[in-house]
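Engineer: Take a look at the letters that make up each chain.
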Amino acid sequence: MSLPVSLDAFLAGVERRALRRAELATRNRDEALDLVQDAMLRLAHSYGGRPAAEWPGLFHRILVNRIRDWHRARKLRRRFFFWEKDNSLAADDARHAIDNVADPMGADGAEELEGAQLAGRLEQAMLQLPARQRETFELRVWEGLSVEDTAAAMGCSAGSVKTHLSRALDALRKSVGPI
Amino acid sequence: MSDMNDFDDLDERDRALARKLRSKLRASENLDYVTQAKLSAARARAVADARRPAGWWFATGGLTAAALLAVVLVLRMPQTAPPSTADSLELMTDELEPEFYQDLDLYQWLADSEADSA
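Protein sequences, first through last, are from chains A and B. Each residue of the first sequence is one higher than the one before, counting from 1 in our numbering. Each residue of the second sequence is one higher than the one before, counting from 180 in our numbering.
All clues stand as given, with none of them false.
With a straight-line Cα cutoff of 30 Å, these simulated DSS-like cross-link-like pairs (lysine-lysine) come out:
id: 1; chain 1: A; residue 1: 174; chain 2: A; residue 2: 162
id: 2; chain 1: B; residue 1: 199; chain 2: A; residue 2: 162
id: 3; chain 1: A; residue 1: 75; chain 2: B; residue 2: 217
Keep in mind the hints are simulated off the structure, nothing from the lab. Predicted, not measured: the structure shown is a model, and the values here were computed from it.
Next comes chain B alone, as it looks inside the complex:
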């Protein structure tokens, strides 16, 4: 990798022009402090990345994927409204048999029919 090559492949005229243009372009490379700080920060990130062990990306990627999968599964679980505390208490304390609650529709229909006939 030759930096200050002499442009040996160019003729005299092009060589002189190339040298002048290079000089002008390199003189325009000064940056303001903010931009230089951003560049330095980017460089520091890149160097830190190179120092990480090879499996770091796989481990990080795997953990991220697992966390995302867990979030998706939780969000897609069927949402059933839990019975209210008052309902649960009533079920536990009343004197009716549990089978009664399995035929609630039937008893509701019977009650409606009686009300209609009355």
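Chain A with its partners taken away, still in its complex shape:
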């Protein structure tokens, strides 16, 4: 990855993927937007003056921590407000239903539908992964970070990254099916 010339360019390059990752973790677009915005602000406010080479690692670490905090808060909330319905899942299902409809204006509706179904299967399979395995897979495969950068972002050793990734790929191979 070539180094970004400005903070704006760096954030523009990572924001979409960051949102998709946060959305996959929260299963709610608005919550995901909040998390990504929070991570952007934190990076800009606390580390904007750091060398640009450090931004990717810092940003991913902030985002990983924000998503973990979100899960902890949600778990706590569900413990105290157990009678409340979890609306994020319903919203997510509705979004997937729309996403899985082929675009009639698309060049090849069947191919597009097949791609959307595969993406849906992959997302469902990723949701079944244990949190650390999913984080490792997202950072290492989706983001394209090195083993060392992934370990730094997750706050674990390089050996743990390799183990988590190997298990994640094994699980995904079984659950996603042929690609």
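Let chain A serve as the given structure and place chain B on it in line with the hints.
Structural biologist: Here is chain B on its own, set in the frame of chain A:
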């Protein structure tokens, strides 16, 4: 920070799978215009925040804290009803000495006692 790393630490089978999955995931990153606009706005806020001078947050925080303290102090001040304009005018224009008003209770008691005895 290597983006297109070759997954050198993986065996051939895992490497091929990782590359395919990355390709599929990256193909799913398209966003609708509204969401993209929200992301752009969030990015603009973050970049603007980074450009602010270092002491900006302290100055803003200090001013906010001072304003809050002032509001709290005003709200917690004892509320005494001001004398009405008519009462004030009567005090200034009547011919009684000011000391009279210091013993109002006594005069009220005397008046009540006289009324009872009558």
